[in-house]
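Engineer: Chain by chain, the residues run as shown.
There are 2 protein chains.
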Amino acid sequence: MPKRNLYLKTISVEEAYSKYFELLNKQNILRMDTEEVKTVDALNRITSEAIYAKCNSPLFNATALDGICVESKKTKNASEENPVILKLGIDYKIVDTGDAIKPPFDAVIMAEDVIEIDDETIKIISPVSGFENIRPIGEDIVVGEMILESNHEIKPIDIGALIAGGISKIKCYKKKTVGIIPTGDEIIDMKEDLKEGDIIDSNSYMIKSLINKTGNIGKRYDIVKDDYEMIKAKLKESISANDITIINAGSSAGTEDYTVHILREIGEVVVHGVSIKPGKPVILAIVSSKPVIGLPGYPLSAYLAFDLFVKPILSIKNDLSEEIDAISSKRLISSLKYREYVRVKVGRIEDKYIAAPLNRGAASQMSMVRADGIMIIPQNSEGIEAGEITKVKLLKNKSEIDNTLISIGSHDILMDIVSDIIARKYNNITLSSTHVGSMGGLLALKRNETIIAPTHLLDENTGIYNIAILKEMFCEGKVSLIKGFNRIQGLMVKKGNPLNIKNIEDITKYRFVNRQRGAGTRVLLDYKLKLLGIDPKRIDGYDKELSTHMAVAASVKSPYTDCGMGVKSAADSMGLDFIEVGVEEYDFAIYTKNLNDIKVQKFIEIIKSNELHDKLKKLGGYGYENVGNIVNI
Amino acid sequence: MPKRNLYLKTISVEEAYSKYFELLNKQNILRMDTEEVKTVDALNRITSEAIYAKCNSPLFNATALDGICVESKKTKNASEENPVILKLGIDYKIVDTGDAIKPPFDAVIMAEDVIEIDDETIKIISPVSGFENIRPIGEDIVVGEMILESNHEIKPIDIGALIAGGISKIKCYKKKTVGIIPTGDEIIDMKEDLKEGDIIDSNSYMIKSLINKTGNIGKRYDIVKDDYEMIKAKLKESISANDITIINAGSSAGTEDYTVHILREIGEVVVHGVSIKPGKPVILAIVSSKPVIGLPGYPLSAYLAFDLFVKPILSIKNDLSEEIDAISSKRLISSLKYREYVRVKVGRIEDKYIAAPLNRGAASQMSMVRADGIMIIPQNSEGIEAGEITKVKLLKNKSEIDNTLISIGSHDILMDIVSDIIARKYNNITLSSTHVGSMGGLLALKRNETIIAPTHLLDENTGIYNIAILKEMFCEGKVSLIKGFNRIQGLMVKKGNPLNIKNIEDITKYRFVNRQRGAGTRVLLDYKLKLLGIDPKRIDGYDKELSTHMAVAASVKSPYTDCGMGVKSAADSMGLDFIEVGVEEYDFAIYTKNLNDIKVQKFIEIIKSNELHDKLKKLGGYGYENVGNIVNI
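Line by line, the protein sequences give chains W and Y. Number 216 in our numbering belongs to position 216 of the first sequence; there are no gaps in the numbering. Number 359 in our numbering belongs to position 359 of the second sequence; there are no gaps in the numbering.
Among the hints, erroneous ones may be present.
Claimed, not checked - Lysine-lysine pairs mimicking DSSO-like chemistry, simulated, CA-CA at most 27 Å apart:
#1 Y:K155 x W:K398
#2 Y:K396 x W:K195
#3 Y:K191 x W:K54
#4 Y:K225 x W:K38
#5 Y:K74 x W:K537
#6 Y:K74 x W:K155
#7 Y:K602 x Y:K352
#8 Y:K213 x W:K398
#9 W:K19 x Y:K425
#10 W:K26 x Y:K425
#11 W:K195 x W:K311
#12 W:K311 x W:K393
#13 W:K87 x W:K73
#14 W:K74 x W:K54
#15 Y:K191 x W:K155
#16 W:K391 x Y:K391
#17 Y:K398 x W:K311
#18 Y:K26 x Y:K171
#19 Y:K425 x W:K169
#20 Y:K54 x Y:K93
#21 W:K171 x W:K19
#22 W:K93 x Y:K195
#23 W:K171 x Y:K425
#24 W:K175 x W:K26
#25 W:K494 x W:K617
#26 Y:K19 x W:K602
#27 Y:K169 x Y:K54
#28 Y:K213 x Y:K175
#29 W:K391 x Y:K352
#30 W:K73 x Y:K509
#31 Y:K26 x W:K155
#32 Y:K175 x W:K38
#33 W:K174 x Y:K191
No lab work stands behind these hints: they were computed from the structure. Model, not experiment: these values are computed from the prediction.
Based on the provided sequences and hints, a complete structural model is requested.
Structural biologist: Given below as structure tokens:
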């Protein structure tokens with residue numbers, strides 16, 4: 001066997017953090033350079049020192065409104081019975097908002113309160129007191145007053161105030177440049193023709209965006225092959241050209257992971273391996289008095305390690321995302337060896353927040369794309385129970401989460417389309433779908449963790465969909481069924497159906513892939529097998545469970561599987577053939593009291609809309625005679 | 001009198017909004033153009049359509065870890081007693097994370113579980129099942145799956161997922177260009193030598209930043225003088241060159257406000273005047289099928305009108321700032337005619353949020369710079385009582401507010417310096433100071449609306465500072481005094497002291513400006529007057545009250561005032577002369593139970609620090625013998 005860095009000894013996040021940052025501080029590496037920036041160009045920059053006003057605003061005593069300026073003492077006795085007559089140029093001057101008021105004038109009367117006698121004469125019928133309607137010099141900003149403190153991110157209003165305070169330039173922290181080196185023989189640039197074994201480099205662009213998002217400058221280098229000398233040369237180039245260097249992948253214990261050896265040769269590796277999941281094989285090094293970070297290859301590991309270790313180097317501002325208490329909708333077992341960061345969907349039901357864990361794999365970018373928050377399972381914890389209250393760090397604004405319609409249950413591509421239509425039609429409503437199968441959805445509804453539960457569960461005795469199971473699970477009158485779509489289920493087989501699979505009976509002869517227990521498609525399969533008297537044990541792959549139609553389709557596309565069951569749209573989108581098995585009813589279970597929720601109303605509007613039906617027509621395999629009808633259970 | 005647009009008829013925000021946007025929609029003006037953007041450049045852009053994956057991720061069945069790939073059936077019987085021997089090339093292949101796995105291999109064994117016999121032979125002692133440690137094709141992203149929905153703002157993780165899903169270009173909304181025309185004879189560009197009557201144009205830069213902050217492109221034009229034809233020409237130029245045009249000022253009812261007349265001539269004025277405060281004189285117009293908005297001249301009016309009317313034109317995303325329930329610390333009387341937007345400081349005391357209203361003037365930019373939120377007083381409401389719970393829209397993240405140390409009470413420039421030191425030293429602590437005078441601060445403490453209350457109140461009987469009043473106001477043992485600074489109080493007079501003012505007695509001869517009732521400086525003055533037997537009625541300006549040292553200094557600098565009382569640093573910063581009157585003690589009252597609050601601990605650390613003392617030495621006028629000592633009351 002070739003040499004590997006087999007036994008990666010990991011340390012805790014805190015230990016890694018303090019070890020690395022102590023050293024960075026000691027060597028004065030974190031010192032931020034500053035530069036002068038024009039105030040008008042300073043949006044989003046960070047002040048490196050407090051800024052004190054150089055002039056007053058207003059610069060002079062100024063009228064606060066349109067009218068005339070007068071000497072207040074001359075108006076003292078004005079009344080309706082005894083009006084005071086004033087002469088232009090002698091007793092008063094006409095002024096517009098912002099005009100300077102100078103002695104002897106010391107008050108302003110608003111235009112509406114002035115009675116015109118002729119072009120040069122007016123009368124007034126009530127007195128004004130000294131300084132009435134005058135904005136005194138420095139009312140808003142006084143010379144020497146602190147306008148902004150250090151470490152402040154410049155907002156539009158700040159720019160207005162700085163200019164009004166006579167500040168044309170400000171001292172800001174310099175942006176940092178970060179070199180990003182993607183490495184790996186198998187890594188390729190995005191292109192049209194991909195072949196097996198190719199891995200598109202997406203990490204380096206994600207990392208570059210993460211850097212740019214912090215207001216600093218990411219600089220991506222071309223992909224470097226797994227070659228000790230080439231990687232070393234590129235590292236040296238980036239280190240000398242940038243403030244910070246990130247090298248992606250090559251940080252774990254594989255045969256071709258040269259990074260840690262090179263970094264040891266040219267500098268100091270302070271940390272290799274942190275007990276977090278995802279993110280474990282991170283490298284924290286210092287080379288030529290500059291931070292060099294090896295980010296792991298799995299996208300989520302890279303993302304998290306960036307968040308934990310690169311952000312604090314780049315930015316002096318803390319992460320301000322909000323933390324809430326949420327109820328975990330699932331039991332999560334976690335290793336005692338790691339602190340785990342679990343991506344979750346978060347929804348609000350009444351006054352509780354529910355966190356539904358997404359795919360925990362380090363490779364699952366989509367889990368992060370779809371996530372509303374991160375749930376942290378501490379090291380030394382065995383996990384979290386379903387129903388347990390836990391801290392969730394939000395990735396979205398809370399009000400965005402409050403305006404989310406939660407759907408947990410069976411998966412269908414039409415839910416994606418509905419969510420897109422909602423996003424286009426309504427600014428402030430979002431549909432969040434989590435796919436756990438029909439039964440999983442109904443159990444979530446039972447626990448009050450979802451608003452709607454898409455379901456297609458067949459009653460084996462009556463052949464009727466959804467109603468029987470709801471009657472069984474819920475008290476009478478509590479829940480309703482929003483009727484959805486008729487959906488053709490069938491067998492997906494390879495393009496051209498090379499094995500000539502014709503029906504359910506045939507699957508005993510070939511390699512099958514199944515859906516998980518509780519999925520409506522699984523229930524339908526089991527029902528059909530029972531009708532046909534086929535023992536599931538006879539099916540090769542009956543125990544191989546996948547959790548979405550699309551996953552089944554992808555598996556059938558692969559060389560390991562010959563057939564699987566699912567909906568036509570999934571087969572079509574993967575270019576598979578499809579053999580119809582039956583029509584089922586894909587409906588939405590909901591607590592009756594929630595039917596009036598504005599988000600639910602909009603949802604019903606959309607499932608009934610021609611816009612959706614036209615799109616489903618194009619996909620094929622759907623019927624919608626009763627869509628939107630409410631069935632009370 | 002010259003012609004004015006005197007009686008501006010205003011309508012409600014809702015009415016204005018629906019009137020204007022109905023018309024914009026009807027004329028199809030809000031339609032957003034789209035463009036293709038490279039995925040790698042799409043950070044922060046908004047998708048104009050849903051994006052579906054074009055390839056699977058992973059592209060193929062891939063090993064999830066470093067090890068060897070095998071045929072699972074060959075490992076079926078492996079155990080410690082009965083190890084299975086495998087040969088390289090025949091029974092297994094060495095694989096690194098991400099490598100493709102092809103038939104006949106269908107499982108991966110991790111490197112750590114492999115026992116090496118020689119370079120080409122290994123043994124294993126436990127079986128693997130089919131597909132163990134393999135990431136199946138499409139595990140993360142399946143062809144045809146929706147990666148992003150429409151109207152989604154692209155985040156770094158999205159860029160990673162899009163590239164992994166084979167998407168190299170995406171359809172986004174085009175950025176909009178917005179022309180900004182500053183107008184007014186008195187408006188000037190920022191420069192060194194300002195003369196009376198000059199108003200620096202800060203609004204146009206603030207507006208440009210507001211536009212850029214939304215991701216669109218602000219284009220500022222040079223200042224246009226108040227000339228009908230010049231303004232008309234510039235308006236036409238901007239309207240033809242940009243998607244939207246904003247003209248600043250000239251929207252109210254002044255003598256030189258041509259804007260509305262010009263807009264009526266070249267297009268349609270849909271709304272002129274909205275019943276909001278600040279922001280009333282906004283103009284919403286359509287010219288050549290493009291939105292033209294006249295924003296009012298006062299900075300806060302412009303800011304608010306932008307938020308209400310320009311943002312919805314620019315961006316399809318809703319304002320997502322959070323709304324909280326907060327207790328108003330002050331009674332606010334508001335006109336029935338307007339909906340008023342009051343800027344507030346927000347602080348958390350135990351589990352309540354307290355909102356302290358800031359300066360309500362439309363010209364007060366600093367009120368917005370310092371604001372943590374906006375409290376909305378509805379039209380048809382007479383105002384809000386102190387202690388009343390009210391909705392506050394946050395301008396900051398809630399966690400930022402939770403980490404704020406609230407100080408309400410007497411003002412001293414040293415509080416600015418402390419807040420700057422805190423901002424530089426601690427990422428996650430902010431000091432928020434509101435200035436209401438010593439007594440105002442103690443009353444706020446009594447109502448539990450502040451953590452610390454800076455105070456310098458003299459007991460006229462004993463001549464001792466702060467302790468007597470605290471004993472009177474609070475139960476024994478409840479509060480403590482954090483000793484602060486000795487501070488020299490005195491008379492501020494014009495530079496060179498042209499009137500030769502020598503002492504308190506002299507102020508009866510000249511024009512004075514006073515501090516508000518409850519301010520420590522006022523108490524000190526009254527005490528001195530009593531000692532000297534001077535009747536306050538003899539002082540010209542005794543009733544003219546200002547609320548900070550700096551405001552008094554600015555007033556003394558103006559031609560209307562000869563002298564005022566305050567601290568030396570304020571006099572110095574305005575270039576005034578200073579005549580010492582006495583030394584007082586500027587301390588910090590606090591509930592004893594809050595002394596252990598980490599934020600308070602940091603505050604005490606800083607007021608004791610050499611860093612602060614060095615800065616105060618430079619200012620002059622401070623002593624700090626007992627600073628940081630705790631006196632239990």
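Engineer: All the hints need checking, so say for each whether the structure fits it.
Structural biologist: Now for the hints, and whether the structure bears them out:
| no. | hint | verdict |
| --- | --- | --- |
| 1 | Y:K155 x W:K398 | 18 Å, holds |
| 2 | Y:K396 x W:K195 | 48 Å, violated |
| 3 | Y:K191 x W:K54 | 12 Å, holds |
| 4 | Y:K225 x W:K38 | 25 Å, holds |
| 5 | Y:K74 x W:K537 | 21 Å, holds |
| 6 | Y:K74 x W:K155 | 65 Å, violated |
| 7 | Y:K602 x Y:K352 | 22 Å, holds |
| 8 | Y:K213 x W:K398 | 21 Å, holds |
| 9 | W:K19 x Y:K425 | 20 Å, holds |
| 10 | W:K26 x Y:K425 | 17 Å, holds |
| 11 | W:K195 x W:K311 | 35 Å, violated |
| 12 | W:K311 x W:K393 | 16 Å, holds |
| 13 | W:K87 x W:K73 | 15 Å, holds |
| 14 | W:K74 x W:K54 | 36 Å, violated |
| 15 | Y:K191 x W:K155 | 22 Å, holds |
| 16 | W:K391 x Y:K391 | 26 Å, holds |
| 17 | Y:K398 x W:K311 | 21 Å, holds |
| 18 | Y:K26 x Y:K171 | 25 Å, holds |
| 19 | Y:K425 x W:K169 | 24 Å, holds |
| 20 | Y:K54 x Y:K93 | 31 Å, violated |
| 21 | W:K171 x W:K19 | 31 Å, violated |
| 22 | W:K93 x Y:K195 | 20 Å, holds |
| 23 | W:K171 x Y:K425 | 17 Å, holds |
| 24 | W:K175 x W:K26 | 22 Å, holds |
| 25 | W:K494 x W:K617 | 23 Å, holds |
| 26 | Y:K19 x W:K602 | 24 Å, holds |
| 27 | Y:K169 x Y:K54 | 11 Å, holds |
| 28 | Y:K213 x Y:K175 | 12 Å, holds |
| 29 | W:K391 x Y:K352 | 21 Å, holds |
| 30 | W:K73 x Y:K509 | 19 Å, holds |
| 31 | Y:K26 x W:K155 | 34 Å, violated |
| 32 | Y:K175 x W:K38 | 24 Å, holds |
| 33 | W:K174 x Y:K191 | 25 Å, holds |
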